[in-house]
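Undergrad: Chains as they are written, first to last, in this note's numbering: chain R, 26 to 260; chain F, 26 to 260; chain E, 3 to 219; chain A, 3 to 219.
By construction, these hints were calculated from the structure, which means they are not laboratory data. Every residue gets a Cβ at the ideal spot worked out from N, C-alpha and C, and that includes glycine. There may be inaccurate statements among the hints.
[As the list claims (entries may be wrong)] Label pairs and their calculated CB-CB ranges:
(1) G27(R) with T82(E): 39 to 47 Å
(2) V125(A) with V34(F): 39 to 47 Å
(3) K144(E) with L218(R): 52 to 60 Å
[To be verified] Below, a list of computed lysine to aspartate or glutamate pairs in the EDC-like style, where the Cα atoms sit at most 16 Å apart:
(4) K191(A) with E165(F)
(5) K247(F) with D70(A)
(6) K131(E) with D83(R)
(7) K71(F) with D176(F)
(8) K78(E) with E106(R)
(9) K247(F) with D68(A)
(10) K160(F) with E158(R)
[Unchecked claim] Cβ-to-Cβ under 7 Å is the rule here; a few derived chain F residues that face chain R:
(11) Y114
(12) I140
(13) F162
(14) G164
(15) G222
(16) G228
The primary structure of each chain is shown beneath.
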Amino acid sequence: MGKIFDSAVAALDGLLFDGMTIVAGGFGLCGIPEKLIAAIHDSGVKDLTLVSNNAGVDGFGLGVLLESRQVKKVLASYVGENKEFERQYLAGELDLEFAPQGTLAERIRAGGAGIAGFYTRTGVGTKIAEGKEHKDFDGETYILERGIVADLAIVHAWQSDPYGNLVYRKTARNFNPNAATAGRVTVAEVEHLVDAGSLDPDGIHTPSVYVQRVVLGHDFEKRIEQRTVRQREAV
Amino acid sequence: MGKIFDSAVAALDGLLFDGMTIVAGGFGLCGIPEKLIAAIHDSGVKDLTLVSNNAGVDGFGLGVLLESRQVKKVLASYVGENKEFERQYLAGELDLEFAPQGTLAERIRAGGAGIAGFYTRTGVGTKIAEGKEHKDFDGETYILERGIVADLAIVHAWQSDPYGNLVYRKTARNFNPNAATAGRVTVAEVEHLVDAGSLDPDGIHTPSVYVQRVVLGHDFEKRIEQRTVRQREAV
Amino acid sequence: MSTPVKGWTRDEMAARAAAELKDGFYVNLGIGMPTLVANHIAPGVDITLQSENGMLGMGPFPFAGDEDPDLINAGKQTITELRRTSYFSSADSFAMIRGGHMDLSILGAMEVAANGDLANWMVPGKMIKGMGGAMDLVAGCKRIVVLMEHNDKTGGHKFRDACTLPLTGSNVVDVLITDLAVFDRADRKGAPFRLIAMADGVTIDDLRARTGAAFVE
Amino acid sequence: MSTPVKGWTRDEMAARAAAELKDGFYVNLGIGMPTLVANHIAPGVDITLQSENGMLGMGPFPFAGDEDPDLINAGKQTITELRRTSYFSSADSFAMIRGGHMDLSILGAMEVAANGDLANWMVPGKMIKGMGGAMDLVAGCKRIVVLMEHNDKTGGHKFRDACTLPLTGSNVVDVLITDLAVFDRADRKGAPFRLIAMADGVTIDDLRARTGAAFVE
Chain R
26 MGKIFDSAVA ALDGLLFDGM TIVAGGFGLC GIPEKLIAAI HDSGVKDLTL
76 VSNNAGVDGF GLGVLLESRQ VKKVLASYVG ENKEFERQYL AGELDLEFAP
126 QGTLAERIRA GGAGIAGFYT RTGVGTKIAE GKEHKDFDGE TYILERGIVA
176 DLAIVHAWQS DPYGNLVYRK TARNFNPNAA TAGRVTVAEV EHLVDAGSLD
226 PDGIHTPSVY VQRVVLGHDF EKRIEQRTVR QREAV
Chain F
26 MGKIFDSAVA ALDGLLFDGM TIVAGGFGLC GIPEKLIAAI HDSGVKDLTL
76 VSNNAGVDGF GLGVLLESRQ VKKVLASYVG ENKEFERQYL AGELDLEFAP
126 QGTLAERIRA GGAGIAGFYT RTGVGTKIAE GKEHKDFDGE TYILERGIVA
176 DLAIVHAWQS DPYGNLVYRK TARNFNPNAA TAGRVTVAEV EHLVDAGSLD
226 PDGIHTPSVY VQRVVLGHDF EKRIEQRTVR QREAV
Chain E
3 MSTPVKGWTR DEMAARAAAE LKDGFYVNLG IGMPTLVANH IAPGVDITLQ
53 SENGMLGMGP FPFAGDEDPD LINAGKQTIT ELRRTSYFSS ADSFAMIRGG
103 HMDLSILGAM EVAANGDLAN WMVPGKMIKG MGGAMDLVAG CKRIVVLMEH
153 NDKTGGHKFR DACTLPLTGS NVVDVLITDL AVFDRADRKG APFRLIAMAD
203 GVTIDDLRAR TGAAFVE
Chain A
3 MSTPVKGWTR DEMAARAAAE LKDGFYVNLG IGMPTLVANH IAPGVDITLQ
53 SENGMLGMGP FPFAGDEDPD LINAGKQTIT ELRRTSYFSS ADSFAMIRGG
103 HMDLSILGAM EVAANGDLAN WMVPGKMIKG MGGAMDLVAG CKRIVVLMEH
153 NDKTGGHKFR DACTLPLTGS NVVDVLITDL AVFDRADRKG APFRLIAMAD
203 GVTIDDLRAR TGAAFVE
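Extracted from the complex, chain R is given alone in its bound form:
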């Protein structure tokens, strides 16, 4: 077995190549595989196609790969938080494809599940539907969307056992379990390595079959984008 690796660099060894497609978990900066992204940055691999709900921010998350110009194309649902992204896109240096968030999530799940395509009502009558096959079912119009399989999936989890069974925490789950299924190889960075048998078998989010390599991260930054609080009422 031996799924546990000492560092993000070691966990990615031999998996990176120019022109590859990488699907990444995370929503905004929540639950992003920040250590693996940093290691991909340091590797210098280029011409990447990134499949991710968002593209990080300037200087953090997938944004670091944009700054270093390692990215050829992004498939995302929302990229509003990134000035460098905007600059490269407007300069024609970056290819961008939008998918509605639920369509993106389902396309990733479908890729992992051996579903080549599926019909959804989302986007019917909009620019997203242009050029896509339309089909009526029971009097309603649907469009065909394709499953996505990536060369590599990178995810961030809360816990892993030695087998690579993963548990995510709160809304840091988001795209991670779906991304984990859609990589030809899947690498997980985790906040805690736990002993065999210590995870509840009814509570595992990503079964071990999906995870080929695991790395325990340290000193995660876990940046908050919108720190919103309420006032404690006076007693």
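Fit chains F, E and A to the supplied structure of chain R, relying on the hints for placement.
TA: Relative to the frame of chain R, chains F, E and A by itself:
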């Protein structure tokens, strides 16, 4: 709110009508909604279309609805354990449609997820593919399978909180979470009602939005089909 | 044209929208003005809020010091959980939305058309940020309520016979709440928008002058 | 034709199949003879067994008294869990299978054809019990190993140029293990089955006489 009902009969009140389609959780006799099935039996509702992986056994599970001749059609992947089923089918009294088990599970999930249809390789080149649309993706042939939405979903869970958040136990999970999403109305029988806040929010299998009614069952039979054991080795 | 009227405040609009929420509803609130609706839910009306990044049962903002980077809403704001909360993946979250399990979504808009078309995600020529989950929400939720200013900053029509901006969804808006009035449709099968309320001081002539869409009274 | 040879026992066939299992593999074992394979896994080879009703990391049968009605395998037999076990829904289970994540499945068969076609679910005229998960497994697993008797009870060919029974899958069998011999194919792109082993006492002439399919030596 008020999702908790006193009895299976009360939980089904107003939901049953002749000719309706019911999707049921369970695999073999494991995790079947045995109390709800009994109440459906007692109601006398007829001409049912049942969507379920199996059709129970003589005298238990969905088998009781076959014996009372309340069933018009069954959509299942395997019905091998039921003599009365066989008799009615061979006599032409029962309509039967087979779906491969994974296709059945995905059709139920798709129905619940607003996916009208999806392309799978399962069954290509077999009788199951006859009459279905074929389509090539990346040089491989797939067939189109349809999502299923039922008038009613009946499921069996281990725990529910007052909101209808459900947790299943071990392999009694099986088709239950998928069925729960595919009913226009979903009724769950549960072995334990637990207090609000006592389920781990990261460990809920069926979020409350899918569950309209819950009944706490008592004295479940939970019959075992194949009692297999190993010998304790001599010390 | 007519004397400018003040119309409803954003909070008054949110209160109008809150009247659409019925006991037991599962609701998704879009980013911006729709989030104000949560402050106006009537006593005794129990609502469960979904956040499409993977949470059902969204609680209020945390107290300072309790922020958790693993607990955010779809607007990336720190939030809290409740006793009813469950978490799930993005695919499961949108299965819930696309599958028609959410009773209602309240969204902002740039334009709404007389036939229920909605535009709220891109302005040609400006940097496109993406549609996020808006197309999924309007295609999947049982009922769509839109909150928007009745006119743009130059007085231009936002409620129009046809949208000029790229659509988020076609024939999806059920209720339109602006600072001047409330409109709804009986169905999505061709029923016209019907005026059901106007802000104090707004006359029907004012309203017609400031509206580019046909509607019935 | 030739003197009947005894060939391999069911356990010997299972041991042959076990040689297909490599360290770290995720494997689904069909009902019947394939379940015997678990008894022959080599020391040091760590295999995780999937049960398609929703479990990864299937353990052995329980001791008497420890049977749990909530813990069964796809053959509806009571089983146990291991320290690596996870449970999931049927849709998730077959996503795992259909998506190509299972390294190997070992299945029984009624007929196998020279082109890799497999028939193992129905005999026309007999009551059809259903295909269960077999069609999904053969369509989805990376590698399919079939265990079957080389001939039927009347001596008829089960390894044939074409199947006569309705198919479970077309062009899906990678390895065929019978009581007489082992055959495999280099790929599913037209490579023929190649004989790689024969049971003691079986001659190539025996084998050809008892086989209805073309194969290479």
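Undergrad: Does each hint hold? Answer for all of them.
TA: Checked hints:
The supplied range of 39 to 47 Å is met by G27(R) and T82(E), whose beta-carbon atoms lie about 40 Å from each other. At roughly 43 Å, the beta carbons of V125(A) and V34(F) sit within the given window of 39 to 47 Å. K144(E) and L218(R) have their C-beta atoms about 44 Å apart, which leaves the hinted 52 to 60 Å range violated. Taking the CA atoms of K191(A) and E165(F), the gap is near 12 Å; set against the 16 Å cutoff, the hint holds.
For the hint pairing K247(F) with D70(A), the CA-to-CA distance comes to about 9 Å; that is within 16 Å, so the pair holds. With a CA separation close to 15 Å, the supplied pair K131(E) and D83(R) stays within the 16 Å bound. Distance restraint check for K71(F) and D176(F): the Cα-Cα separation of roughly 14 Å lies within the 16 Å cut-off, and the hinted pair is therefore satisfied. A distance of roughly 11 Å separates the Cα atoms of K78(E) and E106(R); the hinted pair therefore holds under the 16 Å criterion.
Between K247(F) and D68(A) the alpha-carbon distance is near 15 Å, which keeps this suggested pair within the 16 Å criterion. Taking the CA atoms of K160(F) and E158(R), the gap is near 12 Å; set against the 16 Å cutoff, the hint holds. The beta carbon of Y114(F) comes no nearer than 28 Å to any beta carbon in chain R, farther than 7 Å, and the hint placing it at the interface is violated. Nearest Cβ of chain R to the Cβ of I140(F): about 5 Å, under the 7 Å cut. The hint holds.
Satisfaction of the interface hint for F162(F) is found here, the shortest Cβ-Cβ separation to chain R being roughly 4 Å, below the 7 Å cut-off. Because the smallest distance between the Cβ of G164(F) and any Cβ of chain R comes to about 11 Å, over 7 Å, the interface hint for this residue is violated. For G222(F), the interface hint is violated, since its Cβ never comes within 7 Å of a Cβ in chain R; the closest pair sits about 15 Å apart. A distance limit of 7 Å between C-beta atoms decides the matter here; for G228(F) the minimum to chain R is near 4 Å, and the interface restraint holds.
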